[in-house]
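Colleague: Chains as they are written, first to last, in this note's numbering: chain U, 1 to 286; chain Z, 1 to 271; chain X, 1 to 288.
Source of the hints: derived by calculation from the structure; they are not laboratory data. Glycine included, C-beta positions come from ideal geometry on N, C-alpha and C. Please note that a few of the clues may not be correct.
[Unchecked claim] Listed next, the in silico EDC-like pairs over lysine to aspartate or glutamate satisfying Cα-Cα at most 20 angstroms (straight line):
#1 X/K146 - Z/E174
#2 X/K256 - U/E275
#3 X/K279 - U/E119
#4 X/K258 - U/E275
#5 X/K258 - U/E99
#6 X/K259 - U/D272
#7 U/K12 - Z/D190
#8 X/K258 - U/D272
#9 X/K259 - X/D227
#10 X/K187 - U/E241
#11 X/K194 - X/E4
#12 U/K257 - U/E238
#13 X/K256 - X/D208
#14 U/K33 - U/E192
#15 X/K146 - Z/E173
#16 X/K146 - Z/D176
#17 U/K59 - Z/E224
#18 Z/K233 - X/D84
#19 Z/K233 - X/D266
#20 X/K256 - U/E241
#21 U/K104 - U/E119
#22 X/K256 - X/D266
#23 U/K193 - U/E164
#24 U/K251 - X/D208
#25 U/K81 - Z/D190
[Stated by the list, open to error] Stretch by stretch, here's where chain U covers chain X in the computed footprint (C-beta under 8 angstroms, at least three residues):
#26 51-63
#27 242-253
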Amino acid sequence: MSILEIKNLSYKYGVGTPFEIAALDNINFSVEKGEMVAIIGHTGSGKSTLIQHFNALLKASEGQVLLDGKDINESRESAHKARFRVGLCFQYPEYQLFESTVYKDIAFGPTNMGLDKAEIDRRVRKAAEFVGLKESMFEKSPFDLSGGEKRRVAIAGVMAMEPEILIMDEPAAGLDPRGRRVILDLIRNYREKTGSTVIIVSHSMEDVASVADRIIVLNKGKVAFNDTVDAVFSHESELREMGLNIPQITKIFSELKKFGFNLSTDVYTVDDAAEEILRYLHKGGN
Amino acid sequence: MIKDITIGQYFPGDSFIHKLDARAKLIVVFLALVEIFLCKNFLSLALIVIFAIVSVAISKISFKVVFKGMKMIYFIIVLTSVLQIFYNDEGTVLLDWWKLKITTGGIFTAIFMAIRIICLILVSSLLTYTTSPTTLTDGISRLLSPLNKIKVPVDTLAMMMTIALRFIPTLIEEIDKIMNAQKARGADLDSGNLVQRAKALVPIFIPLFVNSFRRAYELAFAMECRCYNGNNKRTRMKQMKFSWRDVVAFGIIAVMLAGIILLNHFFGAVI
Amino acid sequence: MNNESLIRFCDVSYRYESDNETPLPLAIKNINIDIKKGEFVAILGHNGSGKSTLAKLSNAIILPESGNVFVEGMDTADEKLEYDIRQKVGVVFQNPDNQIVATIVEEDVAFGPENLGIEPAEIRQRVDDALKSVGMYEYRLHEPHKLSGGQKQRVAIAGVMAMQTDCIVLDEPTAMLDPKGREEVMKSMLRLNKEMGKTVVLITHYMDEAVKADRVIVMNSGNVVLDGTPREVFSHEEIIENAGLELPDSSKLALKLKKNGVNLPDGILTPDEFIEAFKFSLSGGASH
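Chain U on its own, in the form it takes in the complex (with noise of 0.2 angstroms):
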């Protein structure tokens, strides 16, 4: 069975004014258990809507959240517990930071839960190693922190509630190349170490390639795409009108393949590509 199950779910702004919009419209599609999804869309293509719903923040106008195969809003219990189930870290997560310290702003998650004082403390103690900070940080006041030092305490604040699904709003936003790729990588590394079901929003299909094992493509509220990486990055005309790009390796792997040149087309890091035209170079004979 699905862990996440979405099924035939709209939502709109403003109901019953001169205003009303499908946000969201009929929205289909399930997420196994231990696997990374992208959901990618450009702004306003109702992606931050959406996952908004998975832990109950939002109420879908029809359809349902299924969690574990439950309605998640079947009771108020049960809307409340969605949160702990699934950990949603908003985009720009560190305006979020409001503790005097970074071990407190961590525990946050963990206290609400109630759990106890021990528990917490092994809890933030795992979040704050996922996320790469020294035990030396935990005393530091978090609003003296780096940028991306305070992304990753942030980060650390969600993991902390150990959630079975962990969602995140455009981890990289705004960060520079570097600060993207240790991002990118923590959250690989925590989904490997937990075997957690990860969800990752993002514009950019750079970032997602590498990292999902599916893409789900949103466009004006709707799931334009629903496959794997190779599958969706083969309509490159239709994502470019919804505002997206590929990665540069994508699209010379294409071009070259249109050629004639025999290439397999799902490889999307620079070093994985290279191998392949290696590969191809050795074997056609040059």
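Given the coordinates of chain U, work out where chains Z and X should sit on it, guided by the hints.
Modeller: Chains Z and X alone, transformed into the frame defined by chain U:
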């Protein structure tokens, strides 16, 4: 929802009322409000009602929008009117039960008050519907500019006002975002006693303040880059010029004043 | 493009103020950069490399600790020239929300000229021209907070254009935008440079944006480590990586293949260039 409030919103347009000079509009609205209070009987009030309805019609803002904007205030209107019913005990007694007494006088006063409040809101919200907040602030600051002579920094205050108006929607959005983020970490904002609820606001307000300071800092840089320093002699792109329209508006409001005084005088006061 | 200097950094050092006793290290160390009139310069560097400090130094928002910054020969340290300097060099910042002052697009664009005390009719003309130059004229009566990120940023650019500055410095203008917004802003920048002859200094960490510049300067821990055309600069893979940056994937792939004996030319920057070069190489055109 906070987002549904339309009072204070601006609807761009190019009607007669939109084109009135902001200063003239401010004075006319002020006079209209005074006139609403001067009305002593239903005839003079009718004059105001006609004035208000015609103004809205001329402004081309749909009545639907205008009345929707008043939604939040219906409660106040009803409450004030109901209180009037019991406050006034003149005229024929219609109902006398325990300590409650309803009289024709009470009913009349209640209706009178309701109409009066609706007119007040109609006229004053028409001001904000048809004038951009910046123009409005501009108009206020120019009307108050004589105060510059007694060292009141009118222009600086007006700039502060403009910036406040500009950032209100941004801050509302930000509060929304922070609240959702903290809820996602299990913050409980809607239950518990007063102390618990107050405590639950800490995770909202600290980030809000920190972010606002950061914004203010960045905004100050950006304004400096565009040569603002708080005491330059600024010019304005939108010139304020009185036109024939303003004369017409003043004429109407003066005629109305005369009409109200006459109607009050010849037909007596009911209130 | 000519050889006249517009912004000149001469041995400039700068240090941010510390909250406590111990002073912070220098953010900018003895930098010498000469930006010429009409150039499109990209300044690259990781967060904290000092590149954003350059933006604030360029129009007297902050002053060097040592050394001088000259804008058309005017020293930014001369307080009397502050206004003249800011009319030459305008700055657009990263967060579009925090640099828009007014509640209506056109009124925001008018803010700069109004501060300069320009005649109303002329402001109107400038505002209309500026909005047209970034393709935002139809939005002149909109409320800024309802625009997309890319649109807001273009309004901010128009705000600087309306001051008729010769040079526009953009401090990571696309960092908070999605691909579509980035493309819009990039188009506006290129138009200002190529069609209107404005000097553009783009501070960024996006390589694909820097590729479109005439000249690229790479900063690392307060120093200039590379300065040249995109092709020259991007051939130094190691220095770029040490500066916490990454080459465009097309360049990386080309370099990697070259190392493995594939015959490709130097200085490949875009997917199209790679494809051309690769096909040419395989057709035997370049075989030795």
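Colleague: Hint compliance check: list the failing hint numbers for this structure, sorted ascending.
Modeller: Of the numbered hints, 3, 5, 7, 9, 17, 19, 20, 26 do not hold.
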